[in-house]
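Protein chains: 2
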Amino acid sequence: MPERKRQTPDKGRPANPAPRGRPPRRERNFAAIRGGEDTEFRRRILIAAAEIFAERGFAAASIDEVAKRLDATKGLVYHRYRSKGELLTDVCEDGLDRLTARLDEIAGRREPAITRLTEAAAFHAGQVIGEIALHRTLAEVTSFAASSGRSDEEARAVAALTARRQAYDAIFTALIDDAADQRDLPAGRDTRMLGRIFIGALDAPLHWPPETLSELAEKRDLIARQLAYFAIRGAGASDATLMAEFSR
Amino acid sequence: MPERKRQTPDKGRPANPAPRGRPPRRERNFAAIRGGEDTEFRRRILIAAAEIFAERGFAAASIDEVAKRLDATKGLVYHRYRSKGELLTDVCEDGLDRLTARLDEIAGRREPAITRLTEAAAFHAGQVIGEIALHRTLAEVTSFAASSGRSDEEARAVAALTARRQAYDAIFTALIDDAADQRDLPAGRDTRMLGRIFIGALDAPLHWPPETLSELAEKRDLIARQLAYFAIRGAGASDATLMAEFSR
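For the protein sequence lines, the chains are G and S, in the order given.
Take the first sequence: its letter number 3 is residue 3 in full-length UniProt numbering, and every next letter is one higher.
Take the second sequence: its letter number 125 is residue 125 in full-length UniProt numbering, and every next letter is one higher.
Here chain G stands alone, though its shape is the one from the complex (with noise of 0.2 Å):
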């Protein structure tokens, strides 16, 4: 197993000056937020609990497991959220709202679809590597089969972020449609069907084992315009249409 990363308080400055020593620890971690660290250790909140969510199942991770994770106490994490379902919900919302705007930004872009698909697909792949416990955490929400020992609350929640994912992983297949349209693609096929095949090659990397995760995490860039490739040719781009989009 590679080691693994731990986001952890930055012990060495406590954000008031202590004339008499650092404060405990439970202290030092209120006077951060107090201080205006919130945007801050809200992200580590988030990025913490994706880790355990996507280790762990949203059934058995607990808010005390993130805390832990933070080194922070576990009132410190109910202070903002009331429960589990709440926290993956802001796990997820945030995640979706910094892929969606950025695919906005790509799929409005004033040039030919299919250079729009590409980019958009190299940018979605490399999401997955580099945030794979977002994506891990993402791909269980929106693929749960039961709702089983879930709250109306959570159903809802659950509802809601599959209908937001569903919209993001439908930019790709408009993509794919205006492409058909201006012929970089075949036209005539069934684009539903092809649109979550092909969002489903660029998250090819949701299973790879750890070890090929972080082996792979410098040549993410290489990788995700690799798994772009493959998802753009497998649509049926021809090899001319490929070797224009691939070669910029």
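Hints in this document: simulated from the structure, not taken from any laboratory.
C-beta: ideal position from N, C-alpha, C; glycine also.
Treat the hints with caution; some may be incorrect.
Stated by the list, open to error - A few chain S positions that, by computed beta-carbon distances, are all more than 12 Å from chain G: (1) Glu-40; (2) Arg-42; (3) Arg-43; (4) Leu-46; (5) Thr-73; (6) Gly-75; (7) Leu-76; (8) His-79; (9) Thr-100; (10) Ile-106; (11) Arg-109; (12) Thr-115; (13) Gln-182; (14) Arg-183; (15) Glu-218.
What the hints assert, rightly or not - Okay, the calculated beta carbon distance ranges per label pair: (16) S:Lys-74 - G:Lys-74: 24 to 34 Å; (17) S:Lys-74 - G:Lys-68: 25 to 35 Å; (18) G:Glu-40 - S:Asp-64: 35 to 45 Å.
Unchecked claim - Derived contacts from chain G toward chain S, CB cut-off under 10 Å, selection only: (19) Ala-54; (20) Phe-58; (21) Arg-136; (22) Gln-166; (23) Met-193; (24) Leu-194; (25) Ile-223; (26) Gly-234; (27) Gly-236.
Please arrange chain S on chain G, whose structure you already have, making use of the hints.
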């Protein structure tokens, strides 16, 4: 959510005639085991266990839940499996036995490598759609991000299962290599990475939402061929080759 298929014991046929009405359920189930329905009961346990593992994740799954889904007593399952780790191992080993036996048969045929690769790809994709719970369980095991909370025995079992799954995946990579040697796929590439991407594309249905999967169950072979086509084209097959392979 679509209605879930549940395996319930065939209550209408107790193993032995019951002169004074049917025995209580517990007694009937033991009677079934004594009556030699061992293999069939094991299969039912494995199906139910794969469903529970896939829905809840390993960490949150319990033998209790498996027994409940089977409408059997906990003791009946513990009679065979001392821990859920053993149960997970049996689910995965049984699944990998069946997958590997069939894949070996396809890979060993006297046909061009590209033909065997096409058949192997369609077979695997069909299995993923048809036995989604097993495949989600296998995917969870082989992509375990950390061994936290796992005993040494469980960690060893996970390592052994991961190795078996990698051996299964390696059959695809070997077929890609052979197809490249036979000039039906481009030569001179890093086929280790390509193999990972190839199998990842075929695993796409792992993340499809339950509605999509149940909607597609009856079109399983068609979708499996579509996934295989995408993957074979993604891997670099020419349109002439694709035409030959997919017009059979």
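Here is how each hint holds up against the structure:
Distance check on Glu-40 (chain S): its Cβ is at least 24 Å (rounded) from any Cβ of chain G, clearing the 12 Å threshold; non-interface status holds. The claim that Arg-42 (chain S) is not at the interface with chain G holds, since no C-beta of that chain comes within 12 Å of its own (minimum 22 Å). Annotated as non-interface, Arg-43 (chain S) keeps its C-beta farther than 12 Å from every C-beta of chain G; the closest such distance is 20 Å. With a cut of 12 Å on Cβ distances, Leu-46 (chain S) stays outside the contact zone with chain G, its closest approach being about 16 Å.
The claim that Thr-73 (chain S) is not at the interface with chain G holds, since no C-beta of that chain comes within 12 Å of its own (minimum 20 Å). Residue-level check passed: Gly-75 (chain S) sits 23 Å from the nearest beta carbon of chain G, beyond 12 Å. Every C-beta of chain G lies more than 12 Å from that of Leu-76 (chain S), the closest at about 21 Å, which supports listing it as non-interface. The beta carbon of His-79 (chain S) sits about 25 Å from the closest Cβ of chain G, which is more than 12 Å, so the claim that it is off the interface holds.
Every CB of chain G lies more than 12 Å from the CB of Thr-100 (chain S), the least distance being 18 Å, so the non-interface label holds. Non-interface status of Ile-106 (chain S) relative to chain G is upheld: no Cβ of that chain comes within 12 Å, the nearest being about 21 Å off. The Cβ of Arg-109 (chain S) sits about 25 Å from the closest Cβ of chain G, beyond the 12 Å cut-off, so the non-interface label holds. Every beta carbon of chain G lies more than 12 Å from that of Thr-115 (chain S), the smallest distance being close to 19 Å; the non-interface claim holds.
Gln-182 (chain S), annotated as away from the interface, keeps every beta carbon of chain G farther than 12 Å; the closest lies near 19 Å. A cut-off of 12 Å between C-beta atoms confirms that Arg-183 (chain S) is not in contact with chain G; the least separation is 16 Å. Non-interface call for Glu-218 (chain S) relative to chain G: holds, since the shortest CB-CB distance, roughly 14 Å, exceeds 12 Å. Here the CB-CB span from Lys-74 (chain S) to Lys-74 (chain G) is close to 32 Å, well matched to the stated 24 to 34 Å.
Judged by the Cβ atoms, the range 25 to 35 Å given for Lys-74 (chain S) and Lys-68 (chain G) holds: they are separated by roughly 31 Å. Here the CB-CB span from Glu-40 (chain G) to Asp-64 (chain S) is close to 42 Å, well matched to the stated 35 to 45 Å. For the restraint placing Ala-54 (chain G) at the interface with chain S, the shortest Cβ-Cβ distance is roughly 6 Å, inside the 10 Å limit, so the hint holds. Because the smallest distance between the Cβ of Phe-58 (chain G) and any Cβ of chain S comes to about 7 Å, under 10 Å, the interface hint for this residue holds.
For Arg-136 (chain G), the suggested interface contact is upheld, since its CB lies about 7 Å from the closest CB of chain S, less than 10 Å. Given the 10 Å rule on beta carbons, the hint for Gln-166 (chain G) holds: about 8 Å separates it from the nearest Cβ of chain S. For Met-193 (chain G), the interface hint holds, since its Cβ comes within 10 Å of a Cβ in chain S; the closest pair sits about 6 Å apart. For Leu-194 (chain G), the interface hint holds, the least distance from its beta-carbon to any beta-carbon of chain S being 8 Å, beneath 10 Å.
The beta carbon of Ile-223 (chain G) comes within 7 Å of a beta carbon in chain S, closer than 10 Å, and the hint placing it at the interface holds. Using the Cβ-Cβ criterion of 10 Å, the hint placing Gly-234 (chain G) at the interface with chain S is satisfied: the shortest such distance is roughly 3 Å. Annotation: Gly-236 (chain G) was flagged as interfacial toward chain S, and the flag holds, the nearest CB pair being 7 Å apart, inside 10 Å.
No hint from the list above goes unmet by this structure.
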